[in-house]
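Residue numbers (this note's numbering), protein chains in the order written: chain P, 6 to 234; chain L, 6 to 234.
No lab work stands behind these hints, which were simulated from the structure alone. All values reported here derive from a predicted model rather than from experimental measurement. All the pointers check out, no bait thrown in.
Put simply, identical chains are the same to the list, so a pair is met inside one copy or across any two.
Here are the simulated lysine-lysine pairs, BS3-like style, with alpha carbons at most 30 Å apart:
{"id": "1", "residue 1": "K80", "residue 2": "K206"}
{"id": "2", "residue 1": "K23", "residue 2": "K49"}
{"id": "3", "residue 1": "K23", "residue 2": "K132"}
{"id": "4", "residue 1": "K35", "residue 2": "K132"}
{"id": "5", "residue 1": "K226", "residue 2": "K49"}
{"id": "6", "residue 1": "K80", "residue 2": "K165"}
{"id": "7", "residue 1": "K165", "residue 2": "K226"}
{"id": "8", "residue 1": "K206", "residue 2": "K66"}
There are 2 protein chains.
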Amino acid sequence: MGDNFMDKQILSSIYHQKFPFWDSLNEADKEYILNNTAIKTCSKAKTIYDSSDDGGVIIIKNGSLRMYMISEDGKELTLMRIHKDDMCILSASCINESISFDVFIDVEEDVEYYFINNQTFNNINNKYSVARIFALETTIECISDMIWLIQQILFMSMDKRLAIFLLDEISRTNTDTVMLTHSLIAKYMGSAREVVSRMLKYFENEGIVELSRRGVKICDKKRLRELTI
Amino acid sequence: MGDNFMDKQILSSIYHQKFPFWDSLNEADKEYILNNTAIKTCSKAKTIYDSSDDGGVIIIKNGSLRMYMISEDGKELTLMRIHKDDMCILSASCINESISFDVFIDVEEDVEYYFINNQTFNNINNKYSVARIFALETTIECISDMIWLIQQILFMSMDKRLAIFLLDEISRTNTDTVMLTHSLIAKYMGSAREVVSRMLKYFENEGIVELSRRGVKICDKKRLRELTI
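Next up, chain P with everything else stripped away, as it sits in the complex (with noise of 0.2 Å):
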C-alpha cells in the first residue's frame, strides 16, 4: 500500500503537469481517474494499437511509439513519434469516432505507459467541459501536423528535396555536417524557413541526421539516399 501511495502521487502530479484542467476536477474525481490508470507494458515491433481497438489515453513513462499510416501495397508513413512523458489521445473513443482515417500504433522501443481507459476518460470529459475541450484541442493540433507532414511528404516531395539538397552538400563540401542555417538551406532550396525546419525535425526524429547550432549532421547516408528515389 505505501508503494501505491507513492505511485499515486507520481501519476498526480504527472496528470497535473500533462492535464491543464486537473486543479478544476474535484478530489473525487481525481482519485476516480488515478484509480482507473493501469501501467502497461508492450515488448518491441508490436502493434498495440489500430483504429478499430477499444483504446483510451496513453502517457509513455518510457520506450516510444510510432504512429504511422499503411498503403496496400505495404508502404509505410510514419506520422509521429511517441517519446518518453508524451501523450497521445488520439486512441480515446471521444476523439477516435469522429476520426475517420486510419493510423497505426507500434512499439519501437520496449514501452512501459500509463493508460485511462475509455469508459473513465469518457466520463471526465462528459463531466468536465475543459477537459472535452482540452482533448479537442490537442487532438486538432496533432491530426493538423499530420496534414501538414502528409502534404510536405507526398505532395511537395519536401523530404525528396531536402533529402538531395542534403545530400548534394555534403558531397560538395566533403563533410559529413551542413554547415548552414535552416533560413540559408531555405533559401538554396526555394522554400520557406518553418518548412525546412519541421521537415529537419522530422528527419531527426527518423533518426536521419542530427540538429546541433553547428549544422544539420548526416547520421543515416543510406536513408537519405532511399528518400531521393
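Chain P is fixed; fit chain L onto it per the hints.
Same frame as chain P, but now just chain L:
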C-alpha cells in the same frame, strides 16, 4: 427595417439549425451574433481566403466554394466543396490558430454567404463551452475527412485505381454507366465498400460521375482518363 427584421428571423432559424448550441445562448448573445453577421458576396474564381487571412465562420446562402491545397509546382488537390447551406468553420481564428497546414478557398460559383467575424465568434466561444466544443468537434470531423482523402489519393492512389476500374467497365460493357453496387466494385477492386463509396462521392462532387440506384454514370470521361495517368 421591416426587411432587416425578416432577415434576422431567417438568419435566426438558420443558426438554430446549424448550431446545436443556439438554444443555450441567452437572448442578448443571440442578438449579438445576428447583429454581427454580414452578408457577403464574391464572384467566381476569386480566392476568398488563404491561411494568412483574418477569417470567420462562413455559411453559404448561394453558390459554392472549393477548398484545396496546392503544391509548389502548381498541382491542386481539392479537399472539399462547400455548397449552399454548408458551413465552414476552418477559417475561424479559434480553430485556425491550431492548424498548421495551408489550404485555400476559391469561389467556384458566384457566392453569397453569411459571415460571422472572428471577434464575434471568439467571444461566443469563450463564453459558452458548448459553442467551443461544437466548433472543435466540427473541425476534427472536417480535417479528419481531409486526411482520409489525402491518404486515399496521394498514398493509396485510390482515385487512379477507381478511375481505371470504371473506364475498364464502361469499355467492356460499351455503355456510360457502371451497373454494379459499391460493394461489388469494392470486391472486384480488392478494397472496402466504404472506401469505394466515399471515393465515388468525391468523384461526384468533382462532377466526374453521377450516382444513382442504377449505378455509376460517367459524366466526364476526359477527367476520369486524366486520373489514370
